[in-house]
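Colleague: Each chain, written out:
There are 2 protein chains.
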Amino acid sequence: MKTASIIIIGNEILSGRTQDTNSNYLAKMLVQKGISLEEIRVIPDDLNIIESVVNNEASAKDYVFTSGGIGPTHDDITAEAIANCFHTPLIVRDDAVELLAMNYKNGKKDLNTARLRMARIPKGAKLIKNKISGAPGFIIKNVFVMAGVPQIFEAMVQEIILNIGSVNPILSKTVKVFTKESEIADILWNYADRYKDISIGSYPFNNSGVFGVEIVLRHTDRVRLNKVFNEILRDLNEPNTS
Amino acid sequence: MKTASIIIIGNEILSGRTQDTNSNYLAKMLVQKGISLEEIRVIPDDLNIIESVVNNEASAKDYVFTSGGIGPTHDDITAEAIANCFHTPLIVRDDAVELLAMNYKNGKKDLNTARLRMARIPKGAKLIKNKISGAPGFIIKNVFVMAGVPQIFEAMVQEIILNIGSVNPILSKTVKVFTKESEIADILWNYADRYKDISIGSYPFNNSGVFGVEIVLRHTDRVRLNKVFNEILRDLNEPNTS
Chain C
55 MKTASIIIIG NEILSGRTQD TNSNYLAKML VQKGISLEEI RVIPDDLNII ESVVNNEASA
115 KDYVFTSGGI GPTHDDITAE AIANCFHTPL IVRDDAVELL AMNYKNGKKD LNTARLRMAR
175 IPKGAKLIKN KISGAPGFII KNVFVMAGVP QIFEAMVQEI ILNIGSVNPI LSKTVKVFTK
235 ESEIADILWN YADRYKDISI GSYPFNNSGV FGVEIVLRHT DRVRLNKVFN EILRDLNEPN
295 TS
Chain H
55 MKTASIIIIG NEILSGRTQD TNSNYLAKML VQKGISLEEI RVIPDDLNII ESVVNNEASA
115 KDYVFTSGGI GPTHDDITAE AIANCFHTPL IVRDDAVELL AMNYKNGKKD LNTARLRMAR
175 IPKGAKLIKN KISGAPGFII KNVFVMAGVP QIFEAMVQEI ILNIGSVNPI LSKTVKVFTK
235 ESEIADILWN YADRYKDISI GSYPFNNSGV FGVEIVLRHT DRVRLNKVFN EILRDLNEPN
295 TS
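Quick mapping for you: the protein sequence lines, in order, are chains C and H.
With our numbering as the guide, the letters of the first sequence map in order to residues 55 to 296.
With our numbering as the guide, the letters of the second sequence map in order to residues 55 to 296.
Treat the hints with caution; some may be incorrect.
Simulated crosslink set (DSS-like; lysine-lysine; CA at most 30 angstroms straight-line) [unchecked claim]:
1. Lys163/C x Lys230/H
2. Lys177/H x Lys234/C
3. Lys230/C x Lys227/H
4. Lys82/C x Lys180/H
5. Lys250/H x Lys227/H
6. Lys162/H x Lys230/C
7. Lys180/C x Lys234/H
8. Lys183/C x Lys230/H
9. Lys159/H x Lys234/C
10. Lys177/C x Lys195/C
11. Lys185/H x Lys230/C
12. Lys163/C x Lys234/H
13. Lys230/H x Lys234/C
14. Lys230/H x Lys185/C
15. Lys234/C x Lys227/H
16. Lys185/H x Lys234/C
17. Lys180/H x Lys162/H
Calculated from the structure, these hints are not laboratory results.
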């Protein structure tokens with residue numbers, strides 16, 4: 055199975071000002087594409103840190119997705135950090151200028167210095183368009199560099215997602231059991247031991263005083279997943295729902 | 055300034071099933087305590103990964119906060135991983151058993167094997183109580199190990215937060231400017247260059263078609279923060295709001 059990391063770049067997440075939702079959005083997509091998301095890292099707007107974390111993740115995972123730091127202001131330094139990672143120059147590229155210019159009334163005439171910063175793309179990178187704003191993201195090697203604004207991030211994910219991963223999603227089966235986790239822990243333990251290839255999660259919930267556990271099984275093989283799921287349902291005395 | 059990392063442990067976050075909100079909750083608290091949150095890492099329920107990531111973060115930061123993996127089921131392996139980190143045995147402790155037992159009708163008699171797992175605490179660790187459930191978290195060296203269920207996590211944060219950090223919060227001043235980021239990028243750049251000790255963030259927003267930028271300045275010194283904030287307001291032609 056292919057592996058991935060998501061790197062969320064931005065002081066506003068670390069200060070608590072902004073609740074990151076981009077990683078959750080992309081995480082769900084990766085499941086659909088059969089890609090195993092191994093880690094999410096939230097890091098500050100710091101050139102050296104971005105470079106070092108992207109370097110580590112890019113060499114360890116099949117795909118790396120970044121979010122944030124590609125706008126026009128002083129704290130937008132992701133493109134520079136990624137260019138450093140891959141020892142490639144960061145240049146104002148004509149194809150990126152064209153995309154940007156389409157977004158302004160007077161086209162290229164409206165591109166001031168700040169706006170032109172958004173056309174700086176590492177040499178050799180492939181652009182990621184988006185349907186919301188003119189400013190493109192880019193792909194270099196196995197690193198996908200996207201915007202932080204959720205609406206634009208999501209539009210960029212839609213652009214790239216068709217071309218990555220496999221057609222075999224990671225499937226899941228879920229059952230809610232209205233008991234305490236500690237009452238069914240032995241049963242789950244037994245299954246986790248017997249079926250090590252199946253991911254078995256146990257998530258307690260409390261909905262306005264109604265306590266229970268959601269049990270989630272995950273695997274790419276539908277037949278095997280259903281078989282083990284039905285065995286667990288039987289042991290839990292739950293009706294077969296598959 | 056003291057530094058911190060948050061480590062969110064749980065496959066349910068990486069699969070997109072669950073949106074993490076614990077790190078945002080704690081991030082806001084750390085700002086109040088003048089602690090600089092340097093990174094948030096979301097990692098899977100994997101013994102070796104938890105051990106290695108906690109080891110790295112604990113040696114690099116003043117405080118490490120973990121969330122998740124201290125319940126009664128097979129996928130709750132955080133306590134074991136942390137004990138491994140510090141080369142200390144994981145034992146069922148009497149003080150933790152007492153706390154747990156208070157939560158059940160028949161006290162200790164109700165503590166089955168699964169529940170007793172929640173009383174396994176690394177030798178030498180200090181317990182973190184919580185007002186929601188009996189199961190405690192714990193503190194070992196500079197690592198604070200807390201539950202993943204948001205209600206319990208937040209209760210545990212309330213228990214520990216008074217005893218950490220300083221009385222000098224990281225202060226912030228925010229102004230909303232109804233223009234495009236690229237129109238004010240030069241002004242911000244100038245300030246970021248001149249006042250390198252002040253964190254200046256620029257966050258575009260789009261509220262139902264109303265475009266603007268939120269500019270956030272952060273510093274622990276109120277006088278200095280106000281001075282620079284008022285200078286920026288003047289340059290942006292915004293009314294003085296401080």
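Colleague: Determine for every hint whether it applies to the structure shown.
Modeller: Tested hints:
| no. | hint | verdict |
| --- | --- | --- |
| 1 | Lys163/C x Lys230/H | holds (27 angstroms) |
| 2 | Lys177/H x Lys234/C | holds (27 angstroms) |
| 3 | Lys230/C x Lys227/H | violated (45 angstroms) |
| 4 | Lys82/C x Lys180/H | violated (37 angstroms) |
| 5 | Lys250/H x Lys227/H | holds (16 angstroms) |
| 6 | Lys162/H x Lys230/C | holds (28 angstroms) |
| 7 | Lys180/C x Lys234/H | holds (26 angstroms) |
| 8 | Lys183/C x Lys230/H | holds (28 angstroms) |
| 9 | Lys159/H x Lys234/C | holds (14 angstroms) |
| 10 | Lys177/C x Lys195/C | holds (11 angstroms) |
| 11 | Lys185/H x Lys230/C | holds (25 angstroms) |
| 12 | Lys163/C x Lys234/H | holds (16 angstroms) |
| 13 | Lys230/H x Lys234/C | violated (47 angstroms) |
| 14 | Lys230/H x Lys185/C | holds (25 angstroms) |
| 15 | Lys234/C x Lys227/H | violated (46 angstroms) |
| 16 | Lys185/H x Lys234/C | holds (18 angstroms) |
| 17 | Lys180/H x Lys162/H | holds (21 angstroms) |
Hint violations for this structure: numbers 3, 4, 13 and 15, all remaining hints satisfied.
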